Amino acid sequence: ILNVEQSPQSLHVQEGDSTNFTCSFPSSNFYALHWYRWETAKSPEALFVMTLNGDEKKKGRISATLNTKEGYSYLYIKGSQPEDSATYLCASSRDSNYQLIWGAGTKLIIKP
Amino acid sequence: DVKVTQSSRYLVKRTGEKVFLECVQDMDHENMFWYRQDPGLGLRLIYFSYDVKMKEKGDIPEGYSVSREKKERFSLILESASTNQTSMYLCASTTQGRQTQYFGPGTRLLVL
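Protein chains in written order, with our numbering: chain H, 1 to 112; chain A, 1 to 112.
Please note: incorrect hints may appear among the correct ones.
Cβ-to-Cβ under 8 Å is the rule here; a few derived chain H residues that face chain A [to be verified]:
no.	residue
1	V4
2	A32
3	H34
4	K42
5	S43
6	P44
7	A46
8	M50
9	S93
10	Y98
11	Q99
12	L100
13	W102
14	G103
Hints are computed from structural coordinates only; laboratory data are not their basis. In this text, all values refer to a predicted model and were calculated from it rather than measured experimentally. Where is the CB? At the ideal position from N, CA and C, for every residue including glycine.
Just need the whole structure built from these sequences, with the hints factored in.
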């Protein structure tokens with residue numbers, strides 16, 4: 001994989017259900033994996049940054065895992081709420097410089 | 001809290017016009033970035049700057065230029081706007097040695 005790919009592109013989830021989506025990234029020369037949340041009319045906001053294989057991060061009902069050997073990360077949302085509606089972006093970096101390679105995002109819509 | 005502001009949320013310009021997009025950050029960050037975001041694509045880096053008066057081309061610099069005369073301000077210039085520059089433009093900043101980027105709310109530019 002040369003690019004960062006996210007799936008699915010969009011997702012409709014019933015309020016209260018749990019969900020997850022995927023980010024695939026180049027595993028060679030991996031440095032870090034970032035997740036951001038981008039709500040409509042707001043600025044993208046950093047959720048997590050992970051660097052080590054097997055890393056797991058959690059923030060409230062949202063958690064993420066990292067597999068650097070196979071080049072993927074999962075983002076999980078437990079008990080979805082309307083305020084979780086947003087586009088979730090992931091980005092990877094291949095060394096310690098500032099440039100991130102971005103996925104196209106997963107647009108999550110929570111249905112009340 | 002880091003604050004990144006962009007001069008306009010929405011802009012409508014005509015083909016051939018010179019367009020200035022301004023970005024200001026208040027956290028004394030060394031690094032600043034300009035991205036564009038188009039449907040179905042990840043954020044694409046146009047230019048970045050790691051210091052005052054320094055600039056580096058990103059992945060898609062053609063048709064754009066930048067200016068960084070002061071540390072807090074990074075301007076993106078479209079010398080002669082074209083319809084294919086209709087897009088969402090995002091500015092971000094980060095401090096030296098860190099990769100987590102702080103974003104402005106974006107400018108949605110329509111070129112007619």
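Please write out, lowest number first, the hints stated earlier that are contradicted by the structure.
-> 8
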